[in-house]
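A.B. asks: Sequence:
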Amino acid sequence: MKAYALGIYPRSPKLIEATRANDPRLDNLFKTEKRKLIKLQIKSNMALVEDPMLDWNDIFRPFVNVKGIELGALNRFFETNTFYRKLIINDELKGYGKIIKNNILLDELPANKAVVMPDPYTFAELNENQYYNSYEEYILAIAKMLNKEAQTLAKEGVEFIQLNAPSIAYNANNIDDFSIIKESIEIVKKRVKSKIYLHLYFGNIEKILDKLLDIKIDGLSIDMINNSIDAIKEYRFKGLGLGIIDATNTKLEDIKMAKDIEDRLNNMNYKEAYLCTNTDLEFLPYEFATKKISRLAAIAKKVKI
Numbered sequence: 001m002k003a004y005a006l007g008i009y010p011r012s013p014k015l016i017e018a019t020r021a022n023d024p025r026l027d028n029l030f031k032t033e034k035r036k037l038i039k040l041q042i043k044s045n046m047a048l049v050e051d052p053m054l055d056w057n058d059i060f061r062p063f064v065n066v067k068g069i070e071l072g073a074l075n076r077f078f079e080t081n082t083f084y085r086k087l088i089i090n091d092e093l094k095g096y097g098k099i100i101k102n103n104i105l106l107d108e109l110p111a112n113k114a115v116v117m118p119d120p121y122t123f124a125e126l127n128e129n130q131y132y133n134s135y136e137e138y139i140l141a142i143a144k145m146l147n148k149e150a151q152t153l154a155k156e157g158v159e160f161i162q163l164n165a166p167s168i169a170y171n172a173n174n175i176d177d178f179s180i181i182k183e184s185i186e187i188v189k190k191r192v193k194s195k196i197y198l199h200l201y202f203g204n205i206e207k208i209l210d211k212l213l214d215i216k217i218d219g220l221s222i223d224m225i226n227n228s229i230d231a232i233k234e235y236r237f238k239g240l241g242l243g244i245i246d247a248t249n250t251k252l253e254d255i256k257m258a259k260d261i262e263d264r265l266n267n268m269n270y271k272e273a274y275l276c277t278n279t280d281l282e283f284l285p286y287e288f289a290t291k292k293i294s295r296l297a298a299i300a301k302k303v304k305i
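Just so we're aligned, residue 1 is where the sequence shown starts under our numbering, counting upward by one.
Hints were generated in silico from the structure; no laboratory data involved. Keep in mind that a hint or two might mislead.
Below, a list of computed lysine to aspartate or glutamate pairs in the EDC-like style, where the Cα atoms sit at most 20 Å apart [stated by the list, open to error]:
id	residue 1	residue 2
1	K148	E159
2	K190	D214
3	K98	E70
4	K193	E183
5	K211	D230
6	K291	E33
7	K271	D218
8	K31	E108
9	K148	D91
10	K256	D230
11	K190	E136
12	K144	D91
13	K211	E136
14	K182	D214
15	K301	D260
16	K98	E108
17	K2	D263
18	K31	D107
19	K207	D230
20	K182	E137
21	K207	E183
22	K144	E125
23	K195	D214
24	K301	D263
25	K2	D254
26	K98	D58
27	K101	E156
28	K211	D260
29	K43	E159
30	K2	E125
31	K2	E253
Turn these sequences into a full structure, and let the hints guide you.
C.D. replies: This is the structure we're talking about:
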C-alpha cells in the first residue's frame, strides 16, 4: 500500500546545536540534513517525497515575506510544546506566488514530489487580521494567496499538495459557518492540476465529515489517533489518507496492525488510499521520527489492497 510522511520534520541534535550557536555554516547544514531525510523517504519507498522543511520555524513563517505581513508574538501551537510566531496582516496581501517554492529544495525532489502548506482557515484562525474589513474578506484573501502558491508549485511538477488543517479538526464542534471554509479551500484548488488533500488533525471530525467530503478537492487525510475507522467506514471517499502513525508519541506502532487495516480498507469505499502520519513529525525527537518512518513503511508493505 502507498504511504507518505509529510510536514515539518524535527531537527537532528547536531542541527539543533548549530542553530543555537548561530553556526555560520547553518544554511549548508540545513541543506545537508534535508538531503538525508529526502533520501530516507525514498529509501523507505514513500509514495510521495517532500522537503522536510527543517529551516521552517513554523508552518507560517515563510509568509512573513509577503507584503502586508509582519511578524508578531510567540504563541503555543495547540496543545503541544512547540510555538509559532503569529503573523500580523496589516495591509493588502501582495508579492506572493513563489514564497513556498523559494523556501524548499524543490529541484532536489524526485518526480513524486509533494509540498505542505496551511489551509486558509487555519492560517486565518492562528494569525491576526488588522487590515481586512470582515472575516470573509480576510480568509478569501488568504485563499487567493495560497492558490497562487499552489499554481506555481503545480507548474513546477508538484504531484501532491497537502493543506494542513488542524484548526478545522480542533474546532470541528464549534464551527458555525462551514460555507466560507469550503469556499476558501476550493479557491486554493482553482486551476491547480496537483492533487490537493486536506490534512485534518488534533481533533475528531465525525460531526463535520459529510461537509468535508463536499469540498471539491482530491481527498482528505485523517488523524486516526483522534478518530476511528468505525466512524468513517460508511462514507465514500475520493481520496483517503489514514493517519495511523502517532507523530506525538514515541511508542512504535505494532506491525501486526497491518492486517486490521487491510481488512477494514477492503470494506470501505474510496478511489485511492494512503497510510500516513497523523500529524507532522516535528513533535518527536529526531531519532524517533526516523523510526516512525521506517515503521510506517513496514506496515504499508504488509497491507495488500
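A.B. asks: If you test the structure against every hint from before, which numbers come out violated?
C.D. replies: Checked against the structure, the hints that fail are numbers 28, 30, while the rest are satisfied.
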